[in-house]
Each structure stands twice: as structure tokens, then as C-alpha cells.
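Sequence lines, in order, name chains X and R.
Using the numbering used here, the letters of the first sequence map in sequence onto residues 7 to 139.
Using the numbering used here, the letters of the second sequence map in sequence onto residues 7 to 139.
Heads up, a few of these hints could be off.
Which copy is meant is left open, so a pair is good if it fits within one copy or across any two.
Straight-line Cα separation of at most 25 Å, DSS-like style, residue types lysine-lysine; simulated pairs [as the list claims (entries may be wrong)]:
id : residue 1 : residue 2
1  : Lys38     : Lys130
2  : Lys130    : Lys98
3  : Lys61     : Lys99
4  : Lys61     : Lys39
5  : Lys130    : Lys39
6  : Lys130    : Lys99
Derived from the structure by calculation, the hints contain no laboratory data.
Predicted model, so just to flag it, every value in this text is computed and none were measured.
2 protein chains.
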Amino acid sequence: MKSRWMFAFIMGGMIVGCTRDIQRYGSVIGVKKEALANYKEMHANPWPEVNAQLKECNIRNYSIYLTEFPDGNYYLFSYFEYTGNDFRADMKKMADDPRTQEWWSHTDPMQIPLSNRAQGQWWKTMEEVYHLD
Amino acid sequence: MKSRWMFAFIMGGMIVGCTRDIQRYGSVIGVKKEALANYKEMHANPWPEVNAQLKECNIRNYSIYLTEFPDGNYYLFSYFEYTGNDFRADMKKMADDPRTQEWWSHTDPMQIPLSNRAQGQWWKTMEEVYHLD
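Assemble the whole structure, with the sequences as input and the hints as a guide.
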């Protein structure tokens, strides 16, 4: 969902304001128990080029959470904010980046996508049911 | 985990900066299938006093996501940012608020806490494994 945020900045000594749409995304995916240590190690030390590419693709305030379910399975939950105006184009830009592809070649085999995700998804996109700015 | 953010503001014609710690929280809980419509309806129209109490308790940028798992069970995932400096005290303040208690008297019976959550938790707190500002 979208929030309209007000940004104020200084230009030529004047305070100038502008508004910008922010789209929030929450997603979920499984993670293999035997890959947990490696997944955590990689994400505690992310490659600077991958982080830079995320920023370049208008992703910000991106967090990934890990939790164990009572059945012993592990899941990852991601939250990020998108500040661009063409999400599909920016996601394609991410996917076309060789260093990002290399990162994913390590992380994809650690993950277990939910079988009921939408077609074309890897992480399953969740539905936002509440938001408070 | 914490981020240190820079805020710039204008005071007496001068730009003044300050830093503030932000703690992010990700949590998960089950939700009963038969309560989905009611839960969504309530959260699409939250009580203004409950939202105001969240703000008063230094909670901001709070989102709740819903998703169905392949086994047919439904889960809620929450993400929020805490900008105060005494989380336990602020959570107690929330819990002591009569209108919040009334809200929870409706929502608690709709939820199914994970049996492997930590003692004293309702929503299960997840572990942050990655963050990009």
C-alpha cells in the first residue's frame, strides 16, 4: 500500500517541499534448516554491490526476519519500502544485475518458496491489512 | 536492531541536526480462518484512540501483513519501528490503556499464538537477520 510522504529540503536558501509515494512490501519464504548459519552469515555481511543495487532500484528500509515455527520449519519474512515509480522495471533491473544474480545463486538454494505463491514469485507477497504511519 | 537516523530541522533560521535511535520489530502470529473477514474489517477501520495510543507509545510505521500458508493456515506478520527509549515501559503503557484493552478483547480471540513463542509474548518476536537503511 501507499503512503504519501512530505520531504522538505533546502534549495537556494529556501525551504522547498515535495511529496513522494512509498509502497510497502511484505513477503515470506521458507529457509532450509541446514542453511541457516550460512544464510545468516551472508546477510550479516552483505556484498556492498548488492546493497548498492537495491538502493539503485529504489528499495529502502529493507529488513529480513527469521523465525522457527512450532513444526520445526524455518521462515524468512521481508519488509521493504519502494520509492520509485515503476516497480516491475526496477525489479527487472535487479534481476539483470550480474552481481545480484551471483548473490541469488547462493541464496536461492537455501530457500524453500511457498508452493501457494503467485505465479512468477519467489518470495510470496503478503497482503497488507493494517498500516499506521 | 537499531539504526541511527539523522533528522535535520530549522531553528532560528539555522539548520540543526540530531540523531535518534530506531528499533525495528518483526513478529508473527496465527489467525483463525473464520475470523479473517472480521480481523481485516477491524484493521481497515482502526479505532482512532488505539492508533493514537500506539503513537503515544512511540510506535510508528506499523504494518500488519496477512498470508495463507500451503497447509491452509493463516498467519499475520507485523513490522513496526520504536522511537522511544524504554520499550518495556511503553508496552506496559499500551497494555494499561482501557481502549486498547477493549480492542485486544476483540482481536485476541481471533489469533492463534505460536506455541514456541517466548514466555510472556503473544505475537512471537522474530530475529532480524538483515537490514538495509
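Verification of the hints:
1. Lys38 x Lys130: both (16 Å within a copy, 20 Å between copies)
2. Lys130 x Lys98: within (17 Å within a copy, 34 Å between copies)
3. Lys61 x Lys99: within (11 Å within a copy, 37 Å between copies)
4. Lys61 x Lys39: For Lys61 and Lys39, neither the intra-copy (29 Å) nor the inter-copy (37 Å) Cα distance is at most 25 Å.
5. Lys130 x Lys39: For Lys130 and Lys39, the Cα distance is within 25 Å both inside one copy (19 Å) and across copies (19 Å).
6. Lys130 x Lys99: within (20 Å within a copy, 35 Å between copies)
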